[in-house]
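Residues per chain, in single letters:
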Amino acid sequence: MSTATADAPHHADHHHAVADKSQLAPEKSWLGLNRPDRHSGWIDWLTTVDHKKIGVMYGAFALFFFLLGGVEALMIRVQLAVPENDFITAQLYNQFFTMHGTTMIFLGVMPLSAAFFNFLVPLQIGARDVAFPRLNAFSLWTFVAGAFVLNVSWFFQFAHTVGWFGQDLRLTDMAPAGGWFGYVPLTSAEYTGIGTDFWIVGLQILGVASLAASFNFIVTILNMRAPGMTMMRLPVFTWMTLITSFLIIFAFPAITIALAELMFDRYFGTNFFRVEAGGQPILWQHLFWVFGHPEVYILVLPAMGIVSEILPTFSKKPLFGYPIIVFSGAVIGFLGFAVWSHHMFTTGLGKIATAAFSLLTMAIAVPTGVKIFNWMGTLWGGRIKFTVPMVFALGFIWMFMMGGFTGIMHSAAPADAQQQDSYFVVAHFHYVLLGGVLLGLLAGLYFWTPKIFGRMLNQKLGYWTAFLVIAGFNITFFPMHYLGLTGMPRRTHTYLGDMGWNLWNHVATIGAFILGIGVLLCFVNIVWTALKGKPCESDPWDGRTLEWSTPTPVPAYNFARTPVVQARDCFWVHKHGDKKMDFMDDGGHGIHMPSQSWFPLLCGFGFAVFGVSMAMLAAGVPLAGYFAIGGLVAVTLGIYLWALEGPGGYHLDPPKEGDEESDEPTDAPAAQAAH
Amino acid sequence: MATSANPPLDEKLLERIHADQNTNTGIENKKLIMWLFLASDCMFFGTLISTHLIYRKLYPFGHPQEGAVNITGTFDIELTSFSTFILLMSSFLMALAVSAMHKGAIQSFRNYTFGVILFGLVFLGGQVYEFQHFFHGQGWYEWKATAPDGQEVVGNEANGRYFKDVASAAAAKESFLHEHYGVKIESFAAQKPNEFKYKLKLPSKTGGEPMIFTGVYEYHPEAHHAEDGESYLKPREAFKHDNFGFTLDEFKQVKQVPGLSLQNSVFGSTFYVMTGTHGTHVAIGILWLFSMLVFSYTKNFSVINAVDVEIAGLYWHFVDIVWIVIFTVVYLVEYIPSA
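Chains as they are written, first to last, in the numbering used here: chain A, 1 to 675; chain B, 1001 to 1339.
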């Protein structure tokens, strides 16, 4: 179990190991094409199959879309700052809240989680890469294609606004405007224009990316663990990755089919959701939430995993109740599929169904509560260091718990009937997703950036970020509980001045800007650090898990020799306990590395062409259908060539004794691994 | 291929196969990811089949507004049962292909895989045929004709073989004429150079005695240009072309079942999208196996690819199992007599 991929059919052809891949002679696949291995610079990034580079790219795109989604949120808040505001039109407002939700969930949180999955999972399980390195690149570029298709709609909206398309269009919305859950009939062809088509196709493409990535991570975690890394020794973050991936592969098909049905309704006149022909919009709601509720846990479980790594590190204690934390995560994932109808209590499901979903929703609070108690148990009696990641992690526990409390309030159907579609709900899910997920992810960024870039983030700026984010977040969203309970409806474009909502809306807008400054500060800090930050050692936090045992920056092959794991928190035990890690013999062949490939990028390009062409087809642009088919042909061609070129591969020589950086502490396994 | 088609299993290959299985679970990465994909695909089909069944239960006749869809009248259960059987047998061949590959019998693998592809194509062809007929709908017709001997013939095409599914009367009439009312030539022999004695038979649809017509046909070659416009039709062809002297006096539609389309009913929407998705899966499987078959003729193909054949087999069996479910809950249950 030492190579990252299945061996190439022509394994023996390139047996000569090199120290650096740029020394390689061009490798020809038997298509006659050169594999792009010997390149560096941007070609290297476009064709890379290295999980660490893919992770960094996921992270970069995610941060970009976080900023974009943040700007959209600020637009919403400016519009609502004062009553009867006309800062933006109602149509643009609809587009902003639709794209804010869609962007934050699918282009912000999920790819940032994927960035951590990519960078960390192989390192945490002692593997040299994921199981399918090229499929991993495919996931990345397909995600980029989906994100492009969703957001290119803004350019069409802009073009329409400045009048390039003339004034005789029936439906003028070019950007999605049907809300992030896209309820029909709002998203039917009668009420929304090509914005919805961009939204449908964009989400379909993003679904392909998520599914491919999830298959890959499940196989990686189940199959690629280093010797001794049993399932119950896996770091909790890896466990949560596994559970999240299972949630994705079972939840995404429901929305994929729902979107396909909606697409058929819009493009080919089918009757899945068309009321006048007997279709039932409620079916959309069921299919959407069968996906949508597990999606909530897809968003939050990785953040829970991150926090479960950070708390023990800075409490200098093992995670309290590891098996229970893991089991609770699995139970949350399982129950997550059985509570979807609590989003639909007001649709008249009937008493039995409502009671059942109510009870199950209450039940899901139990494993969540168990986790919170375990985190507190981890802190209890620990030697707590209030580093920046720790501050975010503690903020996560507190804020997520508050979101959880309002969640329990929603589980009671009669109460939910009052809160449905009010700002109370907005407050609830922002506490869960921002106070929970975002704080968890920021904690992860501050925690692992030293490993990713080999540089420490500016800690002073980090404390300021934590303060601004947590304060700004509470100033924004806490008043929304009150606004919602006094009846302010969600998604309202504006409101009258005599409703008693003026003050708290104003406060929320101020809070949103404080929050925005905090997040921006964090991202500036990251970009600045990545380029110019102060270099740091390979294990700055006295970490517990395997990723900290690698040198920094992490070499392409991760581990010069595969570690043999002796315990849970094996690196910690290695440093401070009695069970030292062993390392496998490398057999003297050098390390087998997968070859790079252009074809995942070609597939992503094909998907982007397909997506934009489908929206153009809906708009009646001539020949768009042919371009859509051309896009699919490009995808098929990419997959075919990818299969034909084979995994390829070359052998790298890890540095021999003596030529490793001398500043490595001699007792650190990082040094051992390299020697 | 310089070497024999079925090279012996050598130690090196076995070692490499063993190395691929050296994972934590003992299952090759490729095989595990296929199982995960199939798990996910279950949810895809589950969603589609549930959509169909929910609407089927909600609208017992599949069509809330424009009148009922006669589901069992539309389906042709014999044809679908046949193609289902063919698909099941293709799975059997697939299993044989996988087994052959594991033994290193590459030529046997090719033979079986060719069979799988062939059966898969038969199934797909059945589906295309079926879709086309469902789409066109059905008509029932009554007709009146005058035989060459002046005798009046009446008939109906309630269950005619030739145009059962033609809902449009004009198209049905054309097809009816093209098939010459179902009349068969019993004998056709020259009496004089341009005179032929004939005997015609019109089988009875109810199983009774067939009607027999006899007479003499006068052949006028110049009246019957062949398709090229130069030569003339042969006497027998010309006789057929003249509809054996029959004239159709009346042809009218007595009953019509509209075709099933994506747009005209919820049943049509759910049915076509669901079975179409399945058909797409079959088509992808055929393309996959065909690629593998072509690949097996290159020098890069060896017993190391047995696992690739096996995962293609997993996919094929899965698609087959999904069809068993669809065939049962979408087709067969329609034939349970309602209480």
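No lab work stands behind these hints, which were simulated from the structure alone.
Quick caveat, the model's predicted, so the values are computed rather than measured.
Even for Gly, the Cβ is constructed at its ideal location relative to N, Cα and C.
Hints are not guaranteed to be accurate.
As the list claims (entries may be wrong) - With the C-beta cut set under 7 angstroms, the calculated list includes, among others, these residues of chain A facing chain B:
| hint | residue |
| --- | --- |
| 1 | K53 |
| 2 | A254 |
| 3 | I257 |
| 4 | M263 |
| 5 | Y267 |
| 6 | G269 |
| 7 | M616 |
Handout entry: Restraint satisfaction for A254(A) [CB to CB of chain B, less than 7 angstroms]
Key = Holds. Min distance 5 angstroms.
Problem - Status of the I257(A) interface restraint (C-beta, 7 angstroms, chain B) - result: Holds: closest Cβ of chain B sits about 4 angstroms from I257(A), inside 7 angstroms.
Exercise for the section: May I ask you to test the interface hint for K53(A) with respect to chain B, counting a Cβ-Cβ separation under 7 angstroms as satisfied? Expected result: 21 angstroms, violated
Handout entry: Hint status (Cβ of Y267(A) to nearest Cβ of chain B, threshold 7 angstroms)
Key = 10 angstroms, violated
Problem - M263(A) as an interface hint toward chain B, with CB separation required under 7 angstroms - result: 10 angstroms, violated
Exercise for the section: Would you check whether M616(A) satisfies its interface hint, that is, whether its CB is within less than 7 angstroms of any CB in chain B? Expected result: Constraint on M616(A) not satisfied, violated at 22 angstroms.
Problem - G269(A) as chain B interface residue, shortest Cβ-Cβ below 7 angstroms - result: 4 angstroms, holds
In this structure, the earlier hints numbered 1, 4, 5, 7 are contradicted, and the remaining ones agree with it.
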